[in-house]
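**Q** Below are the chains, spelled out letter by letter.
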Amino acid sequence: MKRRDFISYISSSLALLSVSCQRPEHKVVPAVNPSEFSKPGNPVYFNSAFQLKNCAYGITVKTFDGKPIKIDGNFEHPSTFGVINPLIQASLYSLYDPSRFFQPEINGVKKNKDELIQLIHEKIQNDSISGKKIIVFYNENASPSYHSLIQKIKEKNNNIIFVRYSAFKSHLAEVNKTLFGIDAEFVPDFNKADLIIDIEADILGTHKLSPFFAKKLSQRKSSGTKLISIESNYTLTGIHSDKRYTASPDELFELILKIYYNLTNNNELNTNNKSKETSSKYDKPAKEISEELLKYGERSALIPGDNLPQELLELIMLINYELKNIASDKIFNPEKLIPFSNSFSDEEREILSGRFAPENGCSIIFLETNPFYSGSQNLKNWLSKTKAEDLISISLYPDETHQRAGIKIAATHYLEKWGDAQFFDGSSSIIQPVIKPLNRDSISSEEFLLNLYQSLDNNVSFESYYDYLREFYKDSIKSWSDWASALRKGYFKNEDKSKPQNKIEFNKLNAQKFSDNSIIPNSEVYLNIIPSLNFFDDFEPNNPYLLELPDPISKITWENVGLVSKSLAQKYGLNEGDIFKLSSGNLSLEIHIYILTGIADKTIVISSGFGRKIKNSDKFFGVNPFELIKIEDEEHSTKFIPIKLEKTNKKLKLVKSQTNFTPNDDLVDRHSMKKNSIYPGYEHKGQKWGMLIDLSKCIGCNSCVISCQFENNIPIVGKEEVQKGRIMHWIKIDRFDAKENSEIYFEPMLCQHCENAPCESVCPVGATSHSPEGINEMTYNRCIGARFCMVNCPYNVRKFNYENYYEKVSSPLENMLNPEITIRMRGIAEKCTFCVHRINEMRIESKNKGMKFIPDGRIKTACQEACPTEAIIFGDLNNKNSEIARIMKEKEVFHKLEFLNTKPSVAYIKNKRNELKNA
Amino acid sequence: MPEEKQNKENNDKFVFLTKLAANSLNNGSSGYYRVLLTVSIVITLFAIVGVYLTTSKGLKLWGINNSIPWALDITNFVFWIGISHAGSLISAILFLLRQHWRAGIHRIAEAMTIFALFTAIIYPIFHTGRPWLTIFWVFPVPIQSGVWVNFKSPLMWDVFAILIYLISSIIFLYIGLLPDLAILSKKVKSVFLQKIYSFLSSFWIGSSKQWKNYKATYLVIAGLITPLVLSVHSIVSFDFAVSLVPGWHTTIMPPYFVAGAIFSGCASLVVLLIIFRKLFNLEEIISVDVMEKVNKLMLVSGLMLAYSYLTEYFFLFYGANPFENQSFSNRFIGDYKYVFWSMFAMNIIFPQLLWVKKIRRSIPFSLFVSVFVLLGMWLERYSIIVPSLAKDYISSSWDVYFPTLTEISILIGSFGLFMTLFLLFLRFFPIFSIYDLSKLNSNKKNYD
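Protein sequences appear in the order of chains A and B.
So for the first sequence, our numbering puts the first residue at 1; every next one is plus one.
So for the second sequence, our numbering puts the first residue at 920; every next one is plus one.
Worth flagging that the hints you see were computed from the coordinates, not collected in a lab.
Nothing here was measured: the structure is a model prediction, and the numbers come from that model.
Hints are supplied without guarantee of correctness; some may be wrong.
To be verified - Cross-link-like lysine-lysine pairs, in silico, DSS-like; alpha carbons within 25 Å at most:
#1 A:602 to A:615
#2 A:39 to A:602
#3 A:192 to A:503
#4 A:619 to A:653
#5 B:976 to A:808
#6 A:719 to B:1256
#7 B:927 to B:1106
#8 A:474 to A:503
#9 A:380 to A:644
#10 B:1128 to A:903
#11 A:602 to A:287
#12 A:647 to A:571
#13 A:653 to B:1256
#14 A:113 to A:503
#15 B:976 to A:619
As the list claims (entries may be wrong) - To give a feel for the contact side, a few chain B residues facing chain A, derived at Cβ under 10 Å:
#16 976
#17 978
#18 979
#19 983
#20 1040
#21 1043
#22 1046
#23 1072
#24 1077
#25 1165
#26 1169
#27 1171
#28 1242
#29 1312
#30 1317
#31 1318
To be verified - Label-pair restraints from in silico Cβ distances:
#32 B:1071 to A:615: 22 to 28 Å
#33 A:597 to B:960: 56 to 62 Å
#34 A:771 to B:975: 31 to 37 Å
#35 A:814 to B:1324: 32 to 38 Å
#36 A:737 to B:1071: 51 to 57 Å
#37 A:892 to B:1055: 46 to 52 Å
#38 A:840 to B:1248: 54 to 60 Å
#39 B:1063 to A:821: 22 to 28 Å
#40 A:650 to B:1248: 32 to 38 Å
Backbone N, C-alpha and C fix where the C-beta goes; we use that ideal spot for every residue, glycine too.
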């Protein structure tokens, strides 16, 4: 081979390589080191935003060689300051998911994207001429440019009807509109609250702002803010609250009404005096709560779940009004509203209820919405009437709606597209693509709307959504450098002139006359459908990371179950794992049962997001509770659906990641068995790493688990392997039932990095050893898999690779893996490394800067980074001035199994609740 | 002339025994032998398939999980190591104690030691996740990387203990065989065997000086092997005693394991003797008297084991360690109660039948008792290993273990492997020691 040939081969192969993962077309701006090219092997970070319905979260995407590998919170963001939840982190998977929809098609014929869009435009024009209505279902989002496009399209063509669609419909805006003249949902400001009463809102768990609330609340909790929860389900909020009341759906209204009477001391609104005279079991809790409320006055707030019945919401907001906490500078600040959370128009309502009957029929476009999964039965029936060729779906996955549609288009992932998001406090973020769309034939819903707008209005021409965004924000972001800085920082102040001035105009006359019985229909059992902690409602279908992530309370993986109380289970003779049949009218569903003490009687709780029927994956996990919803229920509340229960003879063993919930470490008095070693310990001369976990801050949200899993390439093992007890998560959140009361508490368990590590001394080949910096290290190459370390670890944190879990990973999923971490082959043990690669990275950086030690706070472990409540602190124990050393000195800390003299480097702060005076 | 008579008798006996041994080697295999060998080989296939699947597909085929990483594998390992122990006991300790009745059975006992060790070694190798590395890395071979084994690990101690035991057992067996081989190399018809025998005994001329040295060597090696009987299983027990697992972490483990090992070894010897005396028509040499003596040994070691049990439970009660209580209650009344109580019945209650002389001397009954003892001893190891791991310190990771077909097939196959090796050995080497037997005083009627 000639030298010239050789070089030409080399260059052509390089060119081929560069084709595989391309940078996005328009200039994107990384968060730090804004250099033209990244250094090979160094990560590049991009700031962007994730939209969880109409609540956005600032995120930072870590990319390696153009491939996004991890999503973290954007800590610089002024609105959400880096809070994140498992869903946002796991949304990375759907970028690479091989079962994404790929090839656009029309009535079964494969077409390319541009042809198809042209076809849709023609169809829309034809329909407009023929008087056919065009209905666009768009997903609830927080994008101002998106909504402006909708407005513009509406103005151009009144034949097009836009319907905001989401699985759980909020009634709060409606209530705020009638009572206060504010057509939006409030974002309660916890900085001004000393007492928070959560009423079925689950502000720490399934609320759309839960990570944000969790952060705020954990900051406030240490300064004495109290949390009371009233709920039928046993939620993370209930576990974390200082006092928890259970109330069945039919009793909830009575309880709130009593609180209202106690506060107002009048019967003015009470047309039916019955409940006040008869004493009920709710007199005492009502009295306790109202006394607390009276004590704190305007510094207390009731936070209702947004899809409670409208009457109940009105009552709760009235109580809030009585507490005088709705005003600017108060908890419910009319300036701080969730963007685009306005109430539904009549037209939207009519369509969503399936009562809309256009004369000439209609075409329906689904913009990343999936009513065939999460819609009520009435809506599904109504949609089914439309012929398949009139259904157009733009979706990431071949999901339920996509399968029905005649025209199918692939959507881009949010990491592949331009967009924007508005936050509740006036800041905004630009969503920038971090990778060129993996699918050439995909289009984002934003681009689709823009194309649609351009086809209707010949005067405008934007080459791409990027140009539209620049144009849209030309007032706030004037120059390229401003734009670059907005992208780099991940946020900018949006000077929106069109923002209406919100004023509270209380209108008491609009308030309903409350009576006890009218609101909740009578039933023996109620179904409470809740957004799932992992999937929220219909996000991330069949995402294995989220499917394998155990439910924090029941610890069930890979499926959803019906949670019932013990008394209800006894009444119907049900045991754990039994399958029962739920029926509401002619709709029915079969689901496994899980008995959980603390669930209100008369209630079955089922979380949504499971039971997805995705075309490319042949397995179904769990069931879809939306199949039970009729429109009357949905308009009322998905929390209180009257339901009939029937036992079936079927039974199945539930797949749980934890089988025993009784704690046993209190068997030994911690101090009585403390031994002193006869050998002097090893002296760590340099730095010694340690971790501190504050149990009173841990809310059990699993965010750390997912973060660790993405950071360290921890494999998904699958349902069967979880059943066999082989789940791989390096950090797990143990749930325990306290012995004295039925309260639940969480305890994150990870490798304790013991000074006297029992695993190190027993490894025959010395594959696990102690570093001079106090880290228990694992040498994967040396491990022969004798498993003595796993046997001898009293904390049971070591995991074993029973097979090559990554062998079956199909392309392009391998791009998601963190290149800094090896993939472990079968037959070796692994465990938490204290993110040793991050420490080493920082060590090199500090050394280059001429520092002897790594400064405190520079290293953040993956779990620490993801924790919304900052319950995990990592640092140098040898440095007396480090945060961890300081807190360990201040607070009472303990080590797990201290009496074994393993001397763990992980310490825990005891769980403490704020005492209520009256409780 | 008593001396002359004695000499003549001895000579007759010697000739008779040599004939007997040579006949069993020359006459070819009997039908029963062939059937037994075929069955053994077929059973061995189970182990081969099981080990093949485990190595090629990974440990996912086993029932182990992150809470219970050791189960059937280590149970079987300890079980087979245990069986190997009675061999040295009979051949070395009884030799030192001048128990001449051992003459007829010590060859079988020694062979049992070696083949049980061979079978046991399969488990620590193939239970590891990467056996292809295990084979190299557990030996302290100086390699370029300079990575040394971890001498602190009890698993490392196991490697040394078992290897030493295996090598010295082979040497002991060979020395015992030496005079027999020298004689038989002229008596066997098979040219192949002749060559092997004469190679192995090539330096043996049978001079009186050599005999003197021989006797001294035998004595010394017997003396060297004797502490191994105690040490090997003590070291195996360190796998458990040295660990932190509640239910394992106790100082009674070494004597407890040694007693159990001898107990199970005697039981397996009884089973083997019953099979082979029938198979090779050795009722005269392995007489009921000898069987009774082994049974007595079994009874005594059983009592020692029972005492160890008592001590263990007393420690449990007196130590009042709540975690140990928890692990033991899992054994006694928890998920593994059937395992425990059947083990208790088989190990402690059934052997008490051997107090009755009739049962002790009855071949079917002693077969019955010793099979139960073997089963009970296997269950004992299982009930030590699995329930303790199933419920240890952190209660959130408590789990239950069920063996899978792969594990069970390796277990079944290991018996086949053991029997195959044994039967092949007996086909090509003399089953009893001609030299030792011929020395026996006929007055004692240990054979006739």
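**Q** Work down the list of hints and note, for each, if the structure agrees.
**A** To see whether the hints hold, each was checked on the structure:
Proximity of residue 602 of chain A to residue 615 of chain A is assessed by CA-CA distance (about 36 Å); at most 25 Å being required, the pair is judged violated. This hinted pair does not check out: residue 39 of chain A and residue 602 of chain A have alpha carbons roughly 60 Å apart, beyond 25 Å. Among the hinted pairs, residue 192 of chain A with residue 503 of chain A is consistent with the structure: their alpha-carbon atoms are about 19 Å apart, no more than 25 Å. With a C-alpha separation of about 18 Å, the suggested pair residue 619 of chain A and residue 653 of chain A falls inside the 25 Å cut-off, and the hint holds.
Taking the CA atoms of residue 976 of chain B and residue 808 of chain A, the gap is about 13 Å. The hint holds against a cut of 25 Å. Between residue 719 of chain A and residue 1256 of chain B the CA atoms are separated by roughly 29 Å; this puts the pair beyond 25 Å, and the hint is violated. Restraint check for residue 927 of chain B and residue 1106 of chain B: the C-alpha separation of about 21 Å stays at or below 25 Å, so the hint holds. Pair hint residue 474 of chain A plus residue 503 of chain A does not hold up; C-alpha atoms about 28 Å apart against a cutoff of 25 Å.
Simply put, residue 380 of chain A and residue 644 of chain A have alpha-carbon atoms about 22 Å apart, close enough for the 25 Å limit, and the pair holds. Of the supplied pair hints, the one linking residue 1128 of chain B and residue 903 of chain A is violated, its CA atoms being roughly 64 Å apart against a limit of 25 Å. Restraint check for residue 602 of chain A and residue 287 of chain A: satisfied, since their Cα atoms lie roughly 24 Å apart, inside the 25 Å limit. A distance of roughly 11 Å separates the Cα atoms of residue 647 of chain A and residue 571 of chain A; the hinted pair therefore holds under the 25 Å criterion.
Proximity of residue 653 of chain A to residue 1256 of chain B is assessed by CA-CA distance (about 22 Å); at most 25 Å being required, the pair is judged to hold. Our distance criterion of 25 Å between C-alpha atoms is broken by residue 113 of chain A and residue 503 of chain A, whose separation comes to about 46 Å. Distance check on the hinted pair: residue 976 of chain B and residue 619 of chain A sit about 24 Å apart at the alpha-carbon level, within 25 Å; holds. About 7 Å separates the beta-carbon of residue 976 of chain B from the nearest beta-carbon of chain A, less than 10 Å, and the hint is met.
Interface restraint check for residue 978 of chain B: the shortest CB-CB distance to chain A comes to about 5 Å, inside 10 Å, so the restraint holds. Hint status for residue 979 of chain B relative to chain A: holds, with the closest Cβ pair at about 4 Å, below 10 Å. Given the 10 Å rule on beta carbons, the hint for residue 983 of chain B holds: about 8 Å separates it from the nearest Cβ of chain A. For residue 1040 of chain B, the suggested interface contact is broken, since its CB lies about 14 Å from the closest CB of chain A, more than 10 Å.
Annotation: residue 1043 of chain B was flagged as interfacial toward chain A, and the flag holds, the nearest CB pair being 8 Å apart, inside 10 Å. The beta carbon of residue 1046 of chain B is positioned within 10 Å of a beta carbon in chain A (closest approach about 8 Å), and the interface hint is therefore held. Checking residue 1072 of chain B against chain A by beta carbon gives a least distance of about 4 Å; that is within 10 Å, so the hint holds. Checking residue 1077 of chain B against chain A: minimum C-beta separation of about 8 Å stays under 10 Å; hint holds.
Taking 10 Å as the C-beta contact cut-off toward chain A, the hint placing residue 1165 of chain B at the interface holds, the least distance being around 9 Å. With 10 Å as the threshold, the beta carbon of residue 1169 of chain B stays out of range of chain A, its nearest partner Cβ sitting at about 15 Å, so the hint is violated. The beta carbon of residue 1171 of chain B comes no nearer than 19 Å to any beta carbon in chain A, farther than 10 Å, and the hint placing it at the interface is violated. At about 6 Å, the closest approach between the beta carbon of residue 1242 of chain B and any beta carbon in chain A falls short of 10 Å, and the interface hint on this residue holds.
For residue 1312 of chain B, the interface hint holds, the least distance from its beta-carbon to any beta-carbon of chain A being 4 Å, beneath 10 Å. At its closest, the beta carbon of residue 1317 of chain B sits 4 Å from a beta carbon of chain A; the interface hint therefore holds under the 10 Å criterion. Evaluation of the residue 1318 of chain B hint against chain A yields a held restraint, the C-beta minimum of about 5 Å falling below 10 Å. Distance hint check for residue 1071 of chain B and residue 615 of chain A: the Cβ-Cβ separation is about 56 Å, which falls outside the suggested range of 22 to 28 Å.
The hinted range of 56 to 62 Å is satisfied by residue 597 of chain A and residue 960 of chain B, whose Cβ atoms lie roughly 58 Å apart. At about 35 Å, the beta-carbon gap between residue 771 of chain A and residue 975 of chain B stays in the expected band of 31 to 37 Å. Checked against the given bound of 32 to 38 Å, the beta carbons of residue 814 of chain A and residue 1324 of chain B, roughly 33 Å apart, stay inside it. Between residue 737 of chain A and residue 1071 of chain B the beta carbons are some 39 Å apart, a value that contradicts the proposed interval 51 to 57 Å.
With their beta carbons about 50 Å apart, residue 892 of chain A and residue 1055 of chain B fall inside the hinted range of 46 to 52 Å. As the Cβ distance of residue 840 of chain A to residue 1248 of chain B is approximately 46 Å, the hint placing it in 54 to 60 Å is violated. Separated by about 27 Å at the C-beta atoms, residue 1063 of chain B and residue 821 of chain A satisfy the suggested range of 22 to 28 Å. A beta carbon spacing of about 33 Å between residue 650 of chain A and residue 1248 of chain B agrees with the range 32 to 38 Å that was offered as a hint.
The structure fails to meet hints 1, 2, 6, 8, 10, 14, 20, 26, 27, 32, 36 and 38 from the earlier list, while all remaining hints are met.
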